[in-house]
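A.B. asks: Those protein sequences? They're chains P and V, same order as listed.
Numbering-wise (my numbering), the first sequence opens with residue 1 and increments by one.
Numbering-wise (my numbering), the second sequence opens with residue 249 and increments by one.
These are computed hints drawn from the structure, not numbers from a lab.
List time: in silico PhoX-like cross-link candidates among lysine-lysine, alpha-carbon distance up to 25 Å:
| no. | chain 1 | residue 1 | chain 2 | residue 2 |
| --- | --- | --- | --- | --- |
| 1 | V | 462 | P | 8 |
| 2 | V | 269 | P | 72 |
| 3 | V | 273 | P | 112 |
| 4 | P | 72 | V | 273 |
| 5 | V | 462 | P | 45 |
| 6 | P | 78 | V | 269 |
| 7 | P | 112 | P | 78 |
| 8 | P | 157 | V | 273 |
| 9 | V | 273 | P | 114 |
| 10 | P | 69 | V | 462 |
| 11 | V | 273 | P | 78 |
| 12 | P | 71 | V | 269 |
| 13 | P | 71 | V | 273 |
| 14 | V | 273 | P | 108 |
| 15 | P | 74 | V | 269 |
| 16 | P | 116 | P | 133 |
| 17 | P | 69 | P | 18 |
| 18 | P | 71 | P | 108 |
| 19 | P | 116 | P | 78 |
| 20 | P | 69 | V | 273 |
| 21 | P | 108 | P | 78 |
| 22 | P | 74 | V | 273 |
| 23 | V | 273 | P | 116 |
| 24 | V | 273 | P | 132 |
| 25 | P | 108 | V | 269 |
| 26 | P | 157 | P | 112 |
| 27 | P | 71 | P | 45 |
| 28 | P | 45 | P | 8 |
| 29 | P | 69 | V | 269 |
Computed from a predicted model, the values in this text were never measured in an experiment.
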Amino acid sequence: MITVNNIKKSFDGQQILKGVSTVFEQGKTNMIIGQSGSGKTVLMKCCIGLFDVDSGTIEFNGRVFSNIKEKKRKHIRKEMGVLFQGGALFDSLTVEENVMFPLNMFTKMSLKEKLKRVDFVLEHVNLRGANKKYPAELSGGMIKRVAIARAISMIPKYLFADEPNSGLDPKTAELIDKLLYELTKEFNMTTVINTHDMNSVLQIGEKVSFLREGMLWWEGNNKEILTTDNEELNEFVFSTELTRRLKK
Amino acid sequence: MALQLMQSVGEYVTVVSEAFKRPDKGSVFRRQLMSDFAALGLESFGIMAFISIFMGAIITIQMAYNIDSPFIPLYTIGFSARQMMVLEFSPTILSLIFAGKVGSRIASEIGTMRVTEQIDALKVMGVNPANYLILPKITAAIIFNPVLIVFSIFLGLVGGWVAGSATGLVPSDDFILGMRSWFEPFTITYALIKTVVFAFIITSVSAYKGYTVKGGSVEVGKASTDAIVISSILIIVFDLILTQMLLV
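Could you build all of it, start to finish, from the sequences and the hints given here?
C.D. replies: Shown next, in the form of structure tokens:
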């Protein structure tokens, strides 16, 4: 469980997060939604320690993670997997080396054990056999899946995904959603997904947090989002003609 | 302008001091170091050899054409070629060439990693990115560049000797006699000290420029150009300082 407690963050005098408090629950796919500029990415970057917060705290199962020294963060970082928007795979390493990277850095596993783990996670993301390929040889969907494999290679307690479906076709996007949902259940992870994709939200959003103008505007689940009378949320979710017709 | 310069110097010192922390894992550092020996050192051998041989030849021929007094013995040409190669050409001019070749490579490689979130990925995994990416490059250049410079001196003199003999401008015996005359072993030490300092400047400045890139491909290109320009200026300035300190 991740507890976000009244966090505020500004850049160059402009306040992006204006006191956000929420709880990301364990074993669930927690989704953060909101328009561009609403503060979703900043909130996620604060959660993963890429930005320090101006005030407030972020706790991982009761352990404070925000605004502490990098050395003290290391222990929690090892329990964390992050899927970046573009995958952020290391270009000079093969798929196998990318997935093995955290294992090389932080475990004393033998090569045999590491290769076994690589095969295990690659099988989970349906990429068995792609071990020796380089990121440049992969499609967008494959890059995302390798990035997921790398993120879960240490079997993390917390998984963060920033726009996991961006740039993917609807079918591949659905596959990635399903994969994230299944991994969350299998490893009982606290998964936090930052997305614009309403299809994902409706499919796997067990807890949905709607951010607007740097504030938490609404919270609920993928069922409640369809019936809520929150005007701003409805405006965001049903912003297209197609979604409005679907609602009717 | 002065404030910006001070800010940049502060940033540079911060990045370099982060890089000089103890590596997260020794075996990973050694692997990176070997890879950088190949990428920054061995891959520069060809261009170094080509330029050194031709410069040695050109120096010899030009000097032979300019010394037409019967009072100046021909072995002076061998002596002058050696002094020029050892004191200035090999350590300084080759370092300027390396600033272009190696510096742009480092800045664009690290800069691309920055804009594609690969450095963020390292950080959230708990790896010290500056240490992982920069320290092996600095170490590789500091160890390998002096080796390249020694080869450069040797190949330059071979080039001069071949050119002098082949054109008939400087008989082989005269060239070798000049090359061996009034040899001060300290000049080699001086050349190696300069090379080590220049290697540090090239790698650290280029890595800093790449590491602090913000934006996209245009900014990566600009960082790469800035790395070459700043490294070249610093090489010339430090050449003067070191010459004053060590030779005068």
